[in-house]
Each structure stands twice: as C-alpha cells, then as structure tokens.
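For the record, the sequence lines run as chains C and W. Reading the first sequence from the start, the letters are residues 3 to 478 in this note's numbering. Reading the second sequence from the start, the letters are residues 857 to 1053 in this note's numbering.
Hints are computed from structural coordinates only; laboratory data are not their basis. Virtual Cβ for every residue (Gly too), placed ideally from N, Cα, C. Any given hint might turn out to be false.
Covered, in the sense of this in silico footprint (three residues per stretch, anywhere, with C-beta under 8 Å from a C-beta of chain C), are these stretches of chain W [claimed, not checked]:
| # | segment |
| --- | --- |
| 1 | 921-927 |
| 2 | 960-968 |
| 3 | 995-1002 |
Okay, derived cross-link-like pairs now, DMTMM-like style, lysine to aspartate or glutamate, Cα gap no bigger than 20 Å in a straight line [to be verified]:
| # | chain 1 | residue 1 | chain 2 | residue 2 |
| --- | --- | --- | --- | --- |
| 4 | W | LYS866 | W | ASP1010 |
| 5 | W | LYS1040 | C | ASP23 |
| 6 | W | LYS1029 | C | ASP23 |
| 7 | W | LYS1014 | C | ASP59 |
Computed list of chain C residues with no C-beta within reach of chain W, every gap over 12 Å [stated by the list, open to error]:
| # | residue |
| --- | --- |
| 8 | ALA292 |
| 9 | TRP413 |
| 10 | ASN425 |
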Amino acid sequence: MSAPQTLYEKIWNAHVVEQRDDGTCLIFIDRHLVHEVTSPQAFEGLRVAGRRVRRPDLTLAVPDHNLPTTARLDANGNNIPIADPESAQQLEALERNAPEFGIAYIDATDVKQGIVHVVGPEQGFSLPGTTIVCGDSHTACHGGLGALAFGIGTSEVEHVLATQTLQLSRSKSMEVRVEGELAPGVSAKDVVLHITGVLGASGGTGHVIEYTGSVIRALSIEGRLTISNMAIEHGARAGLVAPDDVTYAYLKGRPMAPKGADWDTAVAYWRSLATDAGATYDKVVTINAADIAPSVTWGTSPEDVLPITGVVPDPSTFADPSKQAAAKKSLEYMGLTPGTPMTDISVENIFIGSCTNSRIEDLRAAAALLKDRKKADNVKWAIVVPGSGLVKQMAEAEGLDRIFIDAGFEWREPGCSACLGMNPDKVPAGERCASTSNRNFVGRQGPGARTHLVSPAMAAAAAVTGKLTDVRTLMD
Amino acid sequence: MQPISSVKGKAYPLGLKNVDTDIIIPAAWLKTISRSGLGKGAFQSLRSVPGNVFDDPAYTGAPILIAGDNFGCGSSREHAAWAMADLGISAVIAPSFSDIFSGNAFKNGLLAIVLPQEAIDRLMEVAKTDEIHIDLETQTVTTPFQDRFPFEIDPFRKHCLINGVDEIGLTLKSSDAISAYENKLSASQPWLSPNQA
Ligand code: SF4
C-alpha cells in the first residue's frame, strides 16, 4: 500500500503532467475563471505570439470588478452605457476577447452573472478534486468545495490559456483544526478572522491549508467558501476543506456538475480524496471554537483582529518593533486612539457583499437581524450587493430585498463593488465602513477609506446602532 | 523576457512590513489594458506623505527596493510588478514575499531576493549612503563594505532569469505530454469537459 496522503497531496499528484529533476511540476489545470481586470494583457500576449486558447471548454469568463451595481438595463431593455471610460474599455476588452478565443462568456445582464468566486460554485463549474485558477487572489475560495484553487498573475493567466498547465513547485501543507461548537452569533467569517489573527498575515506563506475539525464539518458550503476565501489573508497559497455529503448535496443538479452515471462515478472519486489516517502535515494549528467571538478588525492588515468586546490596542505593547511601527501607522490611518472600546467606534457606511460574504446564507443572516429594524441616522450609506444574479433572485423570492430596503439599505446588482471600489461604489475618504469583505488595506474601499471587516450579521448590527456592535446584544 | 544576471545601484530603504499590493499600485490604476505606464501610480499612498523615500532625490531612480516582511501580500495583480518595473526597480530585497507576488515578479524579470532580517537591517544602513550589488550567478548581495549575504533561489527560476526564457514556449515543448494527460483524464473523469458530458 502507498504511504498515507493528505487531500492536498492527492489532488496534486493527480494533476502532475511532468516532473522536472529539480522537483518543479507541470500541473494540469481543470478550471480557469477569467474576469476583465487581469486578463486583457494575457489575451494581448496570445495575439502577439499567434497562440490560441488550448482548452476553451475548461475556461469561463465573467465580468465583475468594474461593473456598476446600479441598474444595467433601461426601461426599454437596452444596456445602460458605463460612465467611466476606463472601466468600459476593460469590460469591452473581455466581451471581445472571449468570443475571439472561443471562451464561454456570461454577460453583465445575464442572471448567472456575478463575482467569479460566487459563479463558479453556483454553476457547478468548480468541483471537488479539481485544480482551479483565476487571475484573482481570492480564488482560494473554491477550496471550500475541496478543489485546489489559487490565484495567479496575468503572465500565468496567459500561460494557462495557452497550455492549460502551470509550472509549479509543491507547497508545504498545514492543518488548521477548529474543534468544538460555535457560540450563538459567531459565524464562519468570525472563524476565519480569528484564524487570521492567530496565524498572522504571513503565517500561511508557502503552505496550502486544510481546514478540519468539527466546526468546519458542521458548516454549510457557503460557510466553508467564506473560510477558504480568506486563506490568502493569512498568506496561504490555497485553502481546502475535504468534500463530504454536504458538498455533494450542494453540487447535485447544478448546471455544469456531472450528471447521470457520471455523478455516481464522480462522487465515488471525490470520496477517495479525504486525507488518509496517518498522513502528516508540515504544520498543525489547533483552534478552540470556544475562543472565537464575533470579531472585527481595527487596523489595515487582516491580521489586526479583535473580539468585538476588545479595545483598540496600544502599539507600544507589541513585542516586535516593526509591528509597533506598522500598528502606529495603521491607527493614524484609521483615526483610532488606543484604549477605545471597539463598540464606541461609529460607522457611516455599511457594505454587505464581496466574494467572502454575498451568498444567500450571508444575506439571510443580515436580513434576520434587520427585520423590523432601521439603520441609525448617522449611517449615510448602506448597500447590499448580492454575489450573483441568482443569489439576488433567490433573496427576492424570500422577500429579503424588502427587509433590506425597509431598513434603509440600497439593494444593488451583483459585482465586486465596494470590496475594492473599481466601480463607482466607494467609501468616502476619512469615513468608516463596517464591511463584510476581506481586506482592510489602506485605500482598499476608496482613497482614505477606513475599513472594519466583520460578518454579515455584525454589519447589520452596526447599521442598526450606527456603531461597531456586538451582534449578541441584538439577538433575541 | 530580458535576461538579467546582476543589479547594482542605489536602493530605496523602505523597510516597511506587509507592503500590500494596494500600496504598490492602488485599484484605480488597474483599469488599464496595457502593461506599461503604471510607474506613475506606484506606491501612491506612501508618496503622498512628505519626505517619503521614493521622492527623496538621494534615491530617485534606484533599481533596488529594501522592504520588510511579507512584501507584496494581498491581491494577485501583476500590475504590482509592472508598476515597480515601470518605476525603474529591478530587484526587491525583503525577509519574505507573498507567494503570488514572487511568482509575478519572476515572470517579469524582477528579482525578489529573500534575506534574513539582520541582513535587511544592515542593508537599510548601507543604502543611505552607498550602492548595493546583487549578483544572481553567485547568489550574493554585497556592499562596498565587505558585507556578503548569500541568498537562495529556485534553480529553474534562476535559469529562466539569466537566460530570459519564454516560459510558455518552454511548456509548449511538452505538448505531447499534455495531450497524453488530457486523453487519460477524459477517460477517467469525462465530466470535467462540459462538452463531452
Ligand atoms: S469581491 Fe473583492 S475580493 Fe472578491 S473577487 Fe471581487 S474584488 Fe476580489
């Protein structure tokens, strides 16, 4: 019998086309998602070199980053032009490149359109045991289904388009085991923020992380996607959750998932992928669910995480001098004073969306809290941006849109939106935003914008009180 | 890709840790459909602060940047590497890099050199007055003061950098192996190709 293997090793080994003497492998890529921002230069490179796309059938293109989230069609059903000429030019480039290279393209007005990382799982394009790449660091997201998924740069996008492979070296493996039971008010987002606080922003560098333990097993696919989505925020190359019955129930019947007899063969194969008993990881980190509270970030790195019951830290108490300097800078940017209770910080903007938290379950969690409540007067801008047209449709069928609108939120069209503000949705300079996205970097949500990362329920709670709020104080 | 075997010159002593890709090139600059011209947006938020190293005449045009831990963390945008190259930077020295950034840097012939924090501290001092020399052949960083810091680099990457190898061209030589793999795959997991399902 062969030596026991981890899930990561099994997927890796199944995709080796060739191995060079130095250990670098040519790895086959099963799924390639393409969006408008990181692909124009790759298509241009192909054209210049006279190369074609090797496997258009394994490639799916969808626009998301630049799209305005306001109405896309006018009263007569005609496309409303995009005001920003640069955004329009980038979107047009994808719209042209996809058919030119024979790639399936989901149009901005198609109900299937959405953020790449929401669309892939939703369409059954992302499958367990596959290798998935996209010119976007949050590609790790698809690891929630048990796929080896990671972000690549534009040169690699071009390489995959031309060859359907990548030259890669094996990463190290890490297990992050979360055991116990989550307390009420604690969601998948709090788990991953907590993990990022524990590991640090570079704690996973060079590693592929498998998230295991009873907490992960008990999560829905939406929750697992949220966790794996932020693997990159603790530096990991990719995140993985072993596929199980929850995964198969989620995928069955999705448009691009296997059908008929193929389905049974596929499930049997997926079941064989789980980490073998006795397999070892290069590193193991164990986290106790009881230690995880509803969490919030205070600084400008996703590792700057605190329980909502905490106070703004004093940089001089950090042991590492470079961390002290970074924290001081962060607090200046964030306009925060050490010792301030997190729950005293008022917020003017609320963003519910992004590939981390824009799936139906996220919208349900936020809506449950907002039902029969209104946003506080000091909250000037509160928007919900569903992850895809299908999520939006489902939410509307459940009446969630009414709850958001009645609470004073704007109900928008799908896209990346204020997660990074490439479209018109930006947080004004100097203002704060309680955001369900994944990055609180300087200027991420707009120049000078101050981001506090939270879960959907926590974002809803902040909207109601106008301050960062412990969601548990608003739960019945 | 242009071959590169050494970099010699002044270095920006930045030293900052967790320099993320939004700092290197903010999202507003990602709307381009070309690879050039991004230098103007490079390190915008840092450059808005008076007295920053990038606009200090002592360093302007330096081909080397010295930074802290976890350089290039954040997004996969290759625009970060393009922007730095456009600014005239040919090498970054830091205690660690994000995986995606070091890959992107490599693809653009931008050296991402890992040295321990003590070496970084020393180079930060030297950079204030003198030039730094990175030699890829011998895998060393040296200063005019007898400092000699050896660094590791993946042998394949070293080969590609020194010879200016076109990686896609290289992989296409393995076309037969890729075809053989594809045939095997369509037999064992036919559902992977939606056209065959
Ligand atoms: S939602 Fe945000 S993190 Fe996700 S793909 Fe879009 S910009 Fe990237």
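So, going through the hints one by one against the coordinates:
1. 921-927: Coverage by chain C holds for the segment 921-927 of chain W (3 residues, Cβ < 8 Å).
2. 960-968: With 3 residues close enough to chain C, the hint holds.
3. 995-1002: Since three or more residues must qualify, the claim that chain C covers the segment 995-1002 of chain W is violated, with 0 doing so at under 8 Å.
4. W:LYS866 / W:ASP1010: Roughly 26 Å between the alpha carbons, so the hint for LYS866 of chain W and ASP1010 of chain W is violated.
5. W:LYS1040 / C:ASP23: violated, 23 Å
6. W:LYS1029 / C:ASP23: holds, 16 Å
7. W:LYS1014 / C:ASP59: violated, 34 Å
8. ALA292: holds, 29 Å
9. TRP413: At about 24 Å from chain W, TRP413 of chain C clears the 12 Å cut-off, so the statement holds.
10. ASN425: Per Cβ check, ASN425 of chain C is inside 12 Å of chain W; nearest 10 Å; violated.
Checked against the numbered hints given earlier, this structure breaks hints 3, 4, 5, 7 and 10; the rest are met.
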